[in-house]
Each structure stands twice: as C-alpha cells, then as structure tokens.
Amino acid sequence: MNIKLLIRGLKIIIFIGCFPMLGLSQNFLNSGSVQGNFQLDAQYYQKDSAIGANEVSEKMLMNAFANIIYTNGNFSTGLRYESYRNPMLGFDNRYKGSGIAYRYATYKADEFEITVGNFYEQFGSGMIFRSYEERNLGYDNAMDGIRVKFNPIQGILLKAIIGTQRFFWDVGPGIVRGGDAEFAINEFIPSFSESKTRVTIGGSVISKYQPTEEILYDVTKMYNLPENVAAFAGRMNVSRGKININAEYAYKSNDPNAQNNYIYRHGEALLVSAAYSKKGLGIILSGKRVDNMAFKSRRTEAGNMLNVNYLPTLTKQHAYSLSAIYPYATQPNGEMGVQGEIVYSIPKNTLLGGKYGTEVKLNYSRANSIENDTSGLNITGYQGGSKGYTSGFLKFGDQLYFQDFNIEISKKINNRIKGSLSWVNLIYNQAVIEGHPGLPTVYANVLIADVNYKITPLKSLRTEIQFLSTQQDEGNWIMGMLEYSIAPQWFFSVSDQYNYGNEIDAKKIHYYNLGFGFNRNSSRVQMSYGKQREGILCVGGVCRQVPAAYGLNITITSSF
Amino acid sequence: MKRITLIVSCLLIISYCFSQTSAPKSKKLPSVTIKTVDGKTIKTSDISNNGKPIIISFWALWCKPCQKELSTIAEVYDEWQKETGVKLVAVSIDDARSSARVLPTVNGNNWSYEVLLDVNGDFKRAMNVNMIPHTFLLNGNGEIVWQHTSFAEGSELELIELVRKLNRGEDISEKK
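These protein sequence lines map, in sequence, to chains Z and F. Under the numbering used here, the residues of the first sequence are numbered 5 to 564, in order. Under the numbering used here, the residues of the second sequence are numbered 83 to 258, in order.
It is worth saying that the hints were derived from the structure and are not from the lab. Note that beta-carbon positions come from the ideal geometry of N, C-alpha and C, so glycine has one too. Be careful, since some hints might not be right.
Stated by the list, open to error - Calculated cross-link-like contacts (lysine-lysine; reagent style DSBU-like; alpha-carbon spacing at most 30 Å):
1) K125/F to K200/Z
2) K112/Z to K164/F
3) K122/F to K134/F
4) K163/Z to K109/F
5) K200/Z to K153/Z
6) K110/F to K415/Z
7) K247/F to K458/Z
8) K153/Z to K109/F
9) K146/F to K163/Z
10) K134/F to K146/F
11) K110/F to K134/F
12) K164/F to K458/Z
13) K134/F to K117/F
14) K246/Z to K169/F
15) K134/F to K163/Z
16) K352/Z to K283/Z
17) K122/F to K153/Z
18) K117/F to K365/Z
19) K246/Z to K117/F
20) K117/F to K283/Z
21) K283/Z to K109/F
22) K163/Z to K122/F
23) K146/F to K246/Z
24) K352/Z to K146/F
25) K415/Z to K146/F
26) K163/Z to K125/F
27) K200/Z to K122/F
28) K247/F to K246/Z
29) K146/F to K359/Z
30) K153/Z to K112/Z
31) K112/Z to K134/F
32) K112/Z to K206/F
33) K146/F to K153/Z
34) K206/F to K246/Z
35) K134/F to K169/F
36) K206/F to K283/Z
Stated by the list, open to error - Pair by pair, the computed Cβ-Cβ distance ranges are:
37) E240/F to N232/Z: 53 to 59 Å
38) A251/Z to I124/F: 20 to 26 Å
39) E62/Z to I124/F: 45 to 51 Å
40) T123/F to S473/Z: 44 to 50 Å
Given these sequences and hints, build the entire structure.
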C-alpha cells in the first residue's frame, strides 16, 4: 500500500468516523433523515464478430453506485460509493475498482452556506467553470475542496470555490479557484421591485494553477508555460413580458495545452439567446461563438476528463435512435453556431388543429468553423509555440461542421390514438466531429413515426417506425419498435435496427433487442437482450463512443 | 481487501447508529437554491400550495417520456386543479445547452405548470433522482409521501387517484 492510498484511507476513516460521533447526540439523529439512491448496470457479453463485439474475459461487467445523504436541519452530509467490477465496455478502464468517490458536508446558516469535500457547481452558463457529472456516460469532474456561498441580502448571491477536480480515482494536478457574483436588480433595489422589466447581471472569475512542466517542441526547445491561467465572464438576463434575453461573454488568458496544440492565444466565447413566448407560441433564436476555449486542469489532458469549463452545444438533442446517430459536439478550438426554434400549438376546433389541437415544432441549427487567419503570423495554423492564428470576432470560417433542420408534428386523433411525425435533415462533418480526417461529410434524412394506441385506460401499445437515408457512411437504416405497457408498472418491448443500405454485404446486420421493465414506486428493474450498435452516445452535452455489444443487460435503480 | 472490510464495517456502524432511530420521519423537500423559468431565484424548501398536494416532476427537453407525461397531464390539468387543488411543479434538468429553450417550449405547448430550471442538477441530486421522468407527490404538509420513475400512458390515472386519497386524509405511504 503506498502512502497516497494510506492517506486517502485515513481521510475516509475520519470522514465516516464523524457519523458515529453524531450518534452521541441522540437528539441530533432523531430529527434527521436519510435518503439516497442506487443504480446497478451489468451486462453479460457474447461474442459477435459480424458486429465487431469482442469477447470479454470477465464474461460479465458491472457499474454500480449508491448515494447516501443525511440531512438534519441546516446540516447535511453525504457520500457516493462507486463500484466498477470491471468497468462496462465504453467506460474508461481507469475507473476499475471500488470506493467512496464523493463525500461532502454542508452547513447552512442564514446568509452563509459552506461545503467541504466534493461538490458540483456552475458559474453562469458554465463557459468558464462547471463541475458536473453524467454518471451514465462515465463523466465526473467533481470538485474536491471548499465552497462558500454568501447571500447578504435578497437578490445578491456570491460564491467562492477552490479545489482540485476528480480524475477517475484520483484528482487532477491543477488547482481551480474563483468566484461568482449575481445581482437580481429587481430584488435588491426597492424602486425596481414592481418594474415589468426584470434584470439580472452576473460576473465570474476563475484561475487555474498548475506548476510548469517540461514539454518539448522542436526537439530541443521547451515551452515556456504559464502556471496561472485566468478566465473571466460577464452575463446578463433581461426579461419583460413575453420577451427574454440572455447573454454571456467569456475570456480566457493564453493557455497552451494539448487540445489547442500549445498555441499562445487567448480564448473567447459568446452565447446569446432571445426568446418570445406566449400561451400557444414560443420562438427562440440563439447564437454562439467559441474561439480557443479548451480549458482543463491538466494541460496535457487530451481526453474527455478534467474540464474546468463547459461549452454548450447549440443543437437539438434528438431522442429517437436513428435521428441520434449523427450527434454534434462543440468544437472547443473554434466554432460559430446559430439555432432557431418555433413551438406552436394549433388551437382546438380549427381546420388544422382538429378536435384536440395539433402541436408543431420547427428547429434549425448550424455550426461553422471560425475565421482562421495565419497570414500575419508567418506560420501555418495551430503551430505549437506560436500565437496560432487571428480571427475577426464575428467572422465565420468557410467550413461547415453541422446542420440540422427538423420538424415534428404531434397530434391526438381520438381518445385512443395519438402520435407524432418527424423529419430530420442533417449535414454531419464526420472528419471534424469524429476527428478522422478524410471521412466524407454525411448528408442524411430521417423520417420517424411514433404512434400510441390505448387498449384500455392502463394498457397501451406504442410503435416507432424510423427510416434513415444517406449515401455516405453506413448507408440506409430502418428501425421498428413495438412496446406494450401496463401502467404504471410493466413494459415489454421488441425492436430491430437494420442496416440494409450498407455497401458491405456482411455488414447488413439486424440489431435486434428484446426488453422488459418493471417499476414499483421509485424502484425499477430493466432487462434487455440483443445487439447494440457501435456509435456515439450523448447525454447532456457529453458524448462518448460506445462499442458494439451483444448480450444480456440488466439495470436496477432505486431511490429511497 | 482491507479497505473493503473497512468500508463495510463503517457502513455497519452507520446503520447501527441509524437503527436506533428507525421511527419513520417525514421527508420534507431539501433546500436548494435554483431558478424559476422566468429567472427568479427560489429555495426549493419554499415550494408550497396552500395546504394542498403538490406533484413535482423532473423532466428535460431530450426526454420523450417526460414530455409525454407533461402533455398528457396538461390535457386534464384544469380539471385536476378544480377538483383537488393539486399543483404540478415541472423541474427541467436541461443544462445551459437547452435551458433557454425551456420557456418557449412550455409556453408553446400551452402548459400552465410552475417550471423550475435545475441547470446543474443540484435539486436532482438532493432528491436522489437517477433517471427521468421521476415524479414525487407531496401531501398538504409538504412531505414527500410517494415517488415513481418512468411514464406510460395511464400512469396519470394512478397519480390523480393518490392525490384524491391524500385529500381524503388517507395514508398512501409506500408499504414495505
């Protein structure tokens, strides 16, 4: 056992040791409550050389975690025990092991809130700082340190944080510290309290410290690396009646790192959105620009971990399996994107609305490269050690990364039948998004029908028919799904995705799947058997490559 | 191995401590500061409904079953409110990627729920939500008395039946 492990063990003992001590004061425990949740995913793997599913020497792999939170008045403490025996395919193997990966204690007293241990936090939209988790994707950059929140008067909230970030079973080498202030003008300035225009402004600062290290470039020369990297952001939210406007601008000092190929250029990001909405109609327009904003608490980190910030993707996250085959992810080195959406309910008892009304959603998004000018610098773009490039603040580049136009119409036909029809038109720059230069850009159309038929008030049958057409990549796909549910407890489903358009005959594969689930209150057991397509799985802004898999899968979740 | 023994023994100690006080405790909402869909800051422990039951539903724009649950309930929400006085609070866990789209979607869909934005999952974590949709039912005293994950057509019938029972003063807590 090495020293580090020993120290961690000791820390855990001290932390857990606090619990029995609380037991000394019976009153304290008597008025407290314990809550938590549990999730276990396990898969038994079978080999299928046709889809590229390999044999797993453990035969079965499992990921599990449990959260336990103890709350008593203003005090709360909690921990998460995680176990990866061994990590399921698609999860980083560095998660291998079991242990307490997250523990904290929080105390709230009137204006103050103090947290020690692990915490998740976000400043503004997260463009300079966001600590968060996506358990089902294996992403977690929880802070380990201290957070203080201070709410001196109604309408003003100040936060300060310091700590390191989770890196599998360890923490990253960089120290992240900073603060955020938010002022809800109408709440703390009495004369504005009745104003119809509501204004909130905020600002944040983050600084990352990582000792310099020896990274060579050009065989003999070493980079002169900044040990401190600072980032600033300012934001504003204005709303008046039906109109709501949000804007945030972020700036980061130069931060040569593995993601930007060690260029000495500052970073910038802008995110704006304007919405108009009233009963029955919602319209939103958003735009963003990202320029050299990769920000990690280890400069050599090239993977998904140790992100200090979060750069939201301005595209719709599709929920159907074929429309989600080609998802977009923000390009932190540079992109400009726009998105527009209209949600409209055609009223009941009109020609188009019918007896129950009809709902229409239109969404368009597009992401481009930014201008990347190296003419004044006498280099080729992204040359390590240089200033990289110059770029006019609102200048588009000529490369299209992604475009998505989609429309969805939902309608209730009668008391038994309701459903929706969708059409999605995608342009997906595979070479850039997946980082495989040379791959062609994919142009795809997806059609989806989703129909629900109510057999009795509690029993229904739901079917999905999906069709994807493209000349590139793996060609056409068709997918069918049938689901029978007995509310609120049971569901059974059978589905098949068939890659009939694949140019290679051996790859014209049926990805069938059989599943059932049982719910009782907040517990759920779900089992499925079948084949899983290799692809990108995205949830909440993080994407990970999931491998092809074949076998039996079980998921158990429970909250208590 | 040593560490596992250690952890297990610690957990035993903890459970021993708690077993001393195993009398069921009322579960109130945790206090987390989040925003309403129109930008106001609220404390979740302040969610109230004049002594009537409250439904809290966690959802997101990328979650189909969640939106089906909310639009199914929307069709009967007026009747539910008139009959039982129940209020539904829809907590969106969309992050900065899509949180700005929540308000136009809620309005465009004609939903008249109270909508909260939990952009970094703070309320979700405090409520131990793993998967969405996850629906909680609170009685008139603001105590969590029932919860359920997933949605299938017809689940809303069970939900309103439970609300009616609460209004009649019946005990609906999960029987172990």
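Cross-check of the supplied hints:
| no. | hint | verdict |
| --- | --- | --- |
| 1 | K125/F to K200/Z | 22 Å, holds |
| 2 | K112/Z to K164/F | 38 Å, violated |
| 3 | K122/F to K134/F | 23 Å, holds |
| 4 | K163/Z to K109/F | 28 Å, holds |
| 5 | K200/Z to K153/Z | 29 Å, holds |
| 6 | K110/F to K415/Z | 38 Å, violated |
| 7 | K247/F to K458/Z | 26 Å, holds |
| 8 | K153/Z to K109/F | 25 Å, holds |
| 9 | K146/F to K163/Z | 35 Å, violated |
| 10 | K134/F to K146/F | 29 Å, holds |
| 11 | K110/F to K134/F | 15 Å, holds |
| 12 | K164/F to K458/Z | 26 Å, holds |
| 13 | K134/F to K117/F | 23 Å, holds |
| 14 | K246/Z to K169/F | 23 Å, holds |
| 15 | K134/F to K163/Z | 35 Å, violated |
| 16 | K352/Z to K283/Z | 13 Å, holds |
| 17 | K122/F to K153/Z | 18 Å, holds |
| 18 | K117/F to K365/Z | 25 Å, holds |
| 19 | K246/Z to K117/F | 18 Å, holds |
| 20 | K117/F to K283/Z | 21 Å, holds |
| 21 | K283/Z to K109/F | 35 Å, violated |
| 22 | K163/Z to K122/F | 18 Å, holds |
| 23 | K146/F to K246/Z | 26 Å, holds |
| 24 | K352/Z to K146/F | 23 Å, holds |
| 25 | K415/Z to K146/F | 15 Å, holds |
| 26 | K163/Z to K125/F | 16 Å, holds |
| 27 | K200/Z to K122/F | 13 Å, holds |
| 28 | K247/F to K246/Z | 38 Å, violated |
| 29 | K146/F to K359/Z | 23 Å, holds |
| 30 | K153/Z to K112/Z | 9 Å, holds |
| 31 | K112/Z to K134/F | 28 Å, holds |
| 32 | K112/Z to K206/F | 19 Å, holds |
| 33 | K146/F to K153/Z | 35 Å, violated |
| 34 | K206/F to K246/Z | 28 Å, holds |
| 35 | K134/F to K169/F | 8 Å, holds |
| 36 | K206/F to K283/Z | 28 Å, holds |
| 37 | E240/F to N232/Z: 53 to 59 Å | 57 Å, holds |
| 38 | A251/Z to I124/F: 20 to 26 Å | 23 Å, holds |
| 39 | E62/Z to I124/F: 45 to 51 Å | 47 Å, holds |
| 40 | T123/F to S473/Z: 44 to 50 Å | 47 Å, holds |
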